[in-house]
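Engineer: As numbered in our numbering, residues 10 to 237 make up the sequence shown, in order.
Possibly wrong hints are sitting among the right ones.
Stated by the list, open to error - Straight line, CA to CA, 20 Å or less: simulated SDA-like cross-link-like pairs of lysine to any residue:
no.: 1; residue 1: K58; residue 2: V83
no.: 2; residue 1: K102; residue 2: Y115
no.: 3; residue 1: K190; residue 2: A232
no.: 4; residue 1: K217; residue 2: D139
no.: 5; residue 1: K40; residue 2: P84
no.: 6; residue 1: K166; residue 2: D177
Just so you know, these hints were derived from the structure itself, not from any lab.
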Amino acid sequence: TISYSMASVAESKAKDWRKFSQEQLDEIQRKRADAKAKAVPRDPRGNYKLVCPACDKPNTENVDFCTGCSFALVPEDVQRMPDNIFLELVQGKDIGTNVYYRDDDYVVFDDKFGVSDNHLDVIPTKVYDDIMVLTAEHIPVLERLYELGLQEFERRKDPRFEGKNLRDLVTASYNYPVSVKHLHLHMVLPPFRHAKVFMYPRWHSHRKIVDDLRKHGRVIPYAEVPHD
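Turn these sequences into a full structure, and let the hints guide you.
Structural biologist: The following block contains the structure:
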């Protein structure tokens, strides 16, 4: 089954915390103080993330800012999360984003916390935790992710990119460590609301990942070989 229809849900955009009132900022600090006072013990089997109090985006615990809206994060922002929200999307559940393409093997949808008007996530329906489990045999999967995302951008016919080669403009990458344990390719076109999401060493380009798999049969993360 193949579908190119848009899901009938409102598109979620990151809130601009720079326009928050002092009352809103004080409320965030109050909630953080409450969380610190409660100090709920963690379940060692649980999936925990830094959840941005400004835009609600889950982030890995090794960052100190939200990769969705750039709001500063602190340890008190940690919350327990579903194990794999993208798997819920694969299973047909509404996770509050627009889905543009779906078949038995892949799904293309808007990043709920996108850093531009054109920010897609492209996932396989089969679960791979992250880029570190990939081998050379997965190269066709990655190339298909890229092509599906590009097809969606081309379908949009955004007048800002008329006559331009989208392959030269798109930023296509994978994060490691991940905020959701389900392989997902970020595909983003400019202009960007901020560039923190692209920061080294977490952001690994699509081309680097494919090249690593061709040369080494596995991904070499920046943590292992800095500035590779």
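Engineer: Each hint should be assessed against the structure and marked as holding or not.
Structural biologist: Now for the hints, and whether the structure bears them out:
no.	hint	in the structure
1	K58 x V83	holds (11 Å)
2	K102 x Y115	holds (15 Å)
3	K190 x A232	holds (18 Å)
4	K217 x D139	holds (15 Å)
5	K40 x P84	holds (12 Å)
6	K166 x D177	holds (16 Å)
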